Amino acid sequence: MPAESPGWRPSLARSIVLRHDRVRDADLLLMPERAVLLNVEAGHILRLCDGHRTVAEIVAHLAETFPGAPVAEDVPEFLDRVRGEGWVR
Amino acid sequence: MTEAPWALLAEVTHACPLHCPYCSNPLELVRRRTELTTAEWSRVLAEAADLGVVQAHVSGGEPLLHADLAEIVAAAHAAGIYTQLVTSGLGLEAGRLDELVRAGLDAVQLSVQDSRAEGSDRIAGRPSFAAKERAAGVIRRAGLPFGLNVVLHRHNLDHIAEIIELGVRWGADRIELANTQFYGWALRNRTALLPTREQLESAKDTVVTWRERLGGRPELIWVVPDYYEGVAKPCMGGWGARSITVGPDGAALPCPAAYALPDLSPPNVRDHSLAWIWARSAAFNAYRGTAWMPTPCRECPRREIDFGGCRCQAYALTGDAARTDPACALSPDHRLVRDPATTASRGGPEQNLTYRRPARNG
Ligand code: SF4
Ligand code: SF4
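Going down the list, the protein sequences come from chains Y and U. For the first sequence, position 64 matches number 64 in the working numbering, and the numbering has no gaps at all. Count along the second sequence from 1, then add 1000; that gives the number in the working numbering.
Note that these hints are calculated values from the structure, not bench results. As the structure is a prediction and not an experimental result, all values here were calculated from the model. By construction, the Cβ of each residue, glycine as well, lies at the ideal position given by its N, Cα and C atoms. Fair warning: there could be bad hints in the mix.
Computed footprint of chain Y on chain U; a stretch qualifies when at least three of its residues, placed anywhere within it, have a C-beta under 8 Å from a C-beta of chain Y [as the list claims (entries may be wrong)]:
{"hint": "1", "segment": "1096 to 1103"}
{"hint": "2", "segment": "1298 to 1311"}
To give a feel for the contact side, a few chain Y residues facing chain U, derived at Cβ under 8 Å [claimed, not checked]:
{"hint": "3", "residue": "SER11"}
{"hint": "4", "residue": "LEU12"}
{"hint": "5", "residue": "ARG14"}
{"hint": "6", "residue": "LEU18"}
{"hint": "7", "residue": "LEU30"}
My request is simple: use the sequences and hints to build the entire structure.
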């Protein structure tokens, strides 16, 4: 299912933990043999991937929080990419 | 300023029911009576998290032999650390894993020694394959991320396809195919374990084929051998750069093989804070950065990529930990790895395995 498909409600993969790292003051994705340092935007998007919101709802939420940002294009593209990594399903 | 560490390897005990002849524990195993208490581990894990550690490998020996393992896992979890159990699988019953999951365990790495019971049990030094197979089922049913680790050498490299099939059948999410690194116990057994170049080439091809066929599930990790490539490996991302190992008795080291360095005098978490150990101790600063480097590393464009290779291998083969890793083709000591590799590739002599001695209680 590509990100445009209306039914997709992204959630983090089972093996992945998203948390804020107070030492590095950044969001991290933690997995068995890896830690990925996220930029601020990625952290915001992934925090909304709770398995309840659709992609459209995530986009709407971010558009409200960050008026003027190109979320309508960037967010679905980002979600497709991280799904390819296996971090989001 | 020193960058914060990311990972902690917690060797909670050196006791283990198995006797692998390439065990990464030191030749002098720590006795059980000198092991850290659970309260000490809890403090170490909290200090580690404050320092920036976000991942812990809870390992051994066999960590399941530690009666309070769940408490240690709970302390890591409470500190916000992603925690993976590294186990031989012996003693991993459903009830025990359940207890660990409730304590906050995030993932499990299970080791197996070969694709079939006979070969696996021979390397492990006792019957254990059946227990490992049961453990794999327990992990899968618990729904935890499941990594299967296989150390590769002359006696199992030819079974690489079967090993991958085993990982698929057991339901692993990732299969780590780790070529033997020759320090400590493995160095003692080098003649018996060193593969031929042909074996390695063919195994590497098989991994590539299977990786395509599987499409990333499970993920196949090929940990490159360094005796044949002429290239030194970046040890733990550089000395004192990413990771801290804490041994059963509280000795803190930049890497688990560094017990063997005689002049290092590792600091102990019983005497110092982890923050001091990381930033200030002589041991963690001994080979940090590039200032310590000898020629040819000092002038080499790769010095910030591989950090001059492995200090423990340099010491084990040359007697001087501050020399260029002999695995590197530019090292003046390169013949120390090239000659045994050539001998092995010609068919080499046979050698009986020297099994890891069990850690005695007491
Ligand atoms: S390598 Fe083998 S003997 Fe050593 S701790 Fe692991 S399972 Fe035990
Ligand atoms: S000379 Fe030193 S830095 Fe250069 S490649 Fe060899 S080990 Fe690495």
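Evaluated hints:
no.	hint	result
1	1096 to 1103	violated (count 0)
2	1298 to 1311	violated (count 0)
3	SER11	violated, 15 Å
4	LEU12	violated, 12 Å
5	ARG14	holds, 7 Å
6	LEU18	violated, 11 Å
7	LEU30	holds, 4 Å
The structure fails to meet hints 1, 2, 3, 4, 6 from the earlier list, while all remaining hints are met.
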